[in-house]
Every structure is written in structure tokens, then in C-alpha cells.
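**Student:** From just these sequences and the hints, can you work out the full model?
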Amino acid sequence: MEPEVTLVVVPRERFQFAEKSLESLYENTSFPFKLIYVDNNSPARLRRYLKSQAQAKGFQLVRSEYYLSPNQARNLGLRHVHSKYVVFVDNDVIFSPGWLKALVNCTKETGATVVGSLVCQYQPVHEIIHCAGGEYMSPEELAKFVKGEPTVPQVPGETGKCETGKWTVHEKTYFQNRRVEEVSDRLKRKPTGFVEFHAMLVQTSLFEQIGYLDEGFSCTKEYIDFCMTVIRAGGTVYFEPASVVTFLTHPPAPPLNWADLPYFMIRWSDAWERESLMHFQEKWNLTESKYFQKRYKKLGWRRREELIKPWVAQLPFLSKERAKELEKQLVIWERKLNHYWFDRYTCKLAKAKRTQPPRKNKFTHQTDALHSFTPPLEKASADS
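Under the working numbering, think of the first position of the sequence shown as 711, with each following residue one higher.
Calculated from the structure, these hints are not laboratory results.
Glycine included, every Cβ here is placed at the ideal spot set by N, Cα and C.
Be careful, since some hints might not be right.
[Stated by the list, open to error] Calculated cross-link-like contacts (lysine to aspartate or glutamate; reagent style EDC-like; alpha-carbon spacing at most 16 Å):
| no. | residue 1 | residue 2 |
| --- | --- | --- |
| 1 | Lys-1019 | Glu-1031 |
| 2 | Lys-900 | Glu-845 |
| 3 | Lys-1019 | Glu-1044 |
| 4 | Lys-761 | Glu-733 |
| 5 | Lys-1008 | Glu-985 |
[Stated by the list, open to error] Pairwise CB distance ranges, derived in the manner of DEER restraints:
| no. | residue 1 | residue 2 | range |
| --- | --- | --- | --- |
| 6 | Thr-820 | Ser-1029 | 54 to 60 Å |
| 7 | Ala-1033 | His-836 | 31 to 37 Å |
| 8 | Tyr-1006 | His-792 | 39 to 45 Å |
| 9 | Pro-807 | Glu-892 | 18 to 24 Å |
| 10 | Ser-999 | Ala-943 | 20 to 26 Å |
| 11 | Lys-1038 | Pro-901 | 43 to 49 Å |
| 12 | Ser-999 | Arg-1032 | 35 to 41 Å |
| 13 | Pro-901 | Lys-1034 | 42 to 48 Å |
**Tutor:** And the structure:
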């Protein structure tokens, strides 16, 4: 009998925790599942490891020969899903016992379209909360959003068209940075505005209605976009605290391996981040609020936090003022390098796509609000 759950594992920002995460998955998951692992042009050593594990454990390994954004990678895995439920998981996640069964129980008992785990951050694992659900609009604003009713006054501009957005978003993540033990009595299964893709269950039938994940989100806010799409489609999003996972790359994260640098630079590139924010704003007709202004101003902050600051911190002989001055200079140099690196990636990607044969979409009932899915160049292997 085929499992009713398929896990789709994709890289989040690097590859160095992939082995540890895969081991944790098999050690802590007794509920039956099928696994589709997306090898996102990983380094040679990890590539060999994943191939051997796929043969040993019987999971399906699907490889892209160039770097994909997280939503592109999820869509690549989704093409191979035929089960009732799909669970998207990042490759830097450590799991607690019973995490998957809790997600399935929630959707079966509530009918939830989407269920998210209690996501923790840092080590020791499962102690500090990263996300316990969240909101992007007030309940009153959300009710209007679902109906398509603007919450922002629509004032015609010089062209006669309304130049302001129809809605304003904020982002409030519940209990972030709190210790689990301090708020455990307040962590209840309940509907929520959004959950994150670190560990997220979705009823697969949803994609027949909405199409694939929107690849216009290359870098950020794809989880909010997806949850907005779900609620607009009449679905529900739940938070399930009995399912606990921890991801290992929340800043300040462990030092980055040099082999992961090429993907990391693309994953958090200024270009992808800017494009994602612009797409988010335009797709949902959102106002140019402080929410967006702040994020445009902070482009590249993850690279500063995980590349530049750790490197400067290894120079203790520098005075505080000199270290700050050096950090500012490195930010300027690194940004130029990032733009150059992204341009090289774009050229390679265009060349690869020219040689890519056309593929038929699995989910044909796609809405105009979503970008059409273009499956990437891939190689698949399976022992399942």
C-alpha cells in the first residue's frame, strides 16, 4: 500500500547540514512516507552521499544541474507527487519524534488545507521558537482581503487610475525568540495567518485548484504568498504545536562552508530579494508601506550577517571603530561581487534552458495570479 504522505526535501540556503538532517528524518519519523529529495546542484561530496542513500533507503532523488530557487525546487519535487498529502521540508531541519504524524492528525481532524509545524531555531534544538504561526493582516482586514474588498482608500491619480495599493501587510510571527518551555501552555493547535516552509503539510489536491507554487518568489515571502493564495482559494491554514522541528541556519548561524558559497550568494542575492519583494507587492496590489521600505533598504542583510560579520569577528586585534569601518567597506565590495556572481549565474541559466526539452505541466488548472511553471533541467533516479 502506497503511503498517503510524500515528503519533498529542498535546500534552504546551503548544503552543509543535509546529511545531519536526512539522518534525523529517518531516526524520528515512524509514520509511513515516500521521500522525494531534490538535489539542487549540490557539491560533489554531497551528491555522492545522496546517491548512495537513495539506493540504500529507497527514496527518489531528483537532481537539477543548476541552482534553483526554493519554490522552483519544490515545484520540481511536486511534479513527482501522487499521494494525498505533500510535506515540504528544508534540508537543514532537525526533527522531533512524531512530527509527521502530528501534521497528518491535524489535517485529518480539522480538514486543514495547510498545516505548519512549531519551528524552532538554534542549538540545542527544539528550545527557542522561530515560528508558531503568524499574521500579515488584522482579522478585520483579512476578512475583507478574502472577499477582495480593499482596506486602503482608492484615490485616482493623474492618470485616472488608483495609484495606491488595495491592502497593507505587516508580518507578526508568534512567539519568535521565546523559549518553548516558557510559553508551552499557550501553544495550541489553531487556525493562523501563515506558517513557514521549513516543515509544511499541504493537501495535494489544492494544487489542482491553484497550480504550482509561484516562482516569482525566488528569495523571500513565498510562505506568506502561498498562505494568502490558500485562503483566497477557500482553504484553511493551521498551526500544529505537537509537530516540532528546528532549522539550523537562522542568523547567527554556524560558519558557512566554502563549498556552499556559490549557492548561498545566489539564494540571498540582491536581485532575487528585490524581485521577490516587487513581485509580492505587485501581485497582491499592496501599498508601498514601511514593511516594504524597510526590506528594500536591508537588501543583502543575510550575506552581511553570515559572511562579513563572522569574518570581521575573527580579527580581534582591530578596534571597535576600525572593525566597523572595515565592515562597511567589505559590504560595498561584497555587493559588487554579488552582482557579478548573479550575472554569471543568469548567463549560465539561460544557456541551460535553451537546451531544455519542453515538459508537460502536471497541474493544468492554474490561475492567472500564479506564474506558470517551467520545470528545470533534471535527472531522476529512484529505488522505490
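**Student:** Would you mind marking each hint as holding or not holding in the structure?
**Tutor:** Outcome of the hint check:
For the hint linking Lys-1019 to Glu-1031, the alpha-carbon distance of about 14 Å falls within 16 Å, and the restraint holds. Distance restraint check for Lys-900 and Glu-845: the Cα-Cα separation of roughly 13 Å lies within the 16 Å cut-off, and the hinted pair is therefore satisfied. Of the pairs offered as hints, the one joining Lys-1019 and Glu-1044 holds, with about 12 Å between alpha carbons and a cut-off of 16 Å not exceeded. Between the alpha carbons of Lys-761 and Glu-733 the distance comes to roughly 14 Å, so the proposed pair stays at or under 16 Å and holds.
Distance hint between Lys-1008 and Glu-985 is fulfilled; the C-alpha atoms sit about 14 Å from each other, no more than 16 Å. Checked against the hint of 54 to 60 Å, the pair Thr-820 and Ser-1029 passes, with Cβ atoms roughly 57 Å apart. Remark: the range hint 31 to 37 Å for Ala-1033 to His-836 is upheld by a beta-carbon distance near 34 Å. With their beta carbons about 41 Å apart, Tyr-1006 and His-792 fall inside the hinted range of 39 to 45 Å.
At about 22 Å, the CB distance of Pro-807 to Glu-892 agrees with the hint of 18 to 24 Å. About 25 Å separates the C-beta atoms of Ser-999 and Ala-943, a value consistent with the hinted range of 20 to 26 Å. Taking 43 to 49 Å as the suggested C-beta distance range, the pair Lys-1038 and Pro-901 conforms, at roughly 45 Å. For Ser-999 paired with Arg-1032, a C-beta distance near 37 Å keeps the hint of 35 to 41 Å intact.
The supplied range of 42 to 48 Å is met by Pro-901 and Lys-1034, whose beta-carbon atoms lie about 45 Å from each other.
Hint violations for this structure: none, all hints satisfied.
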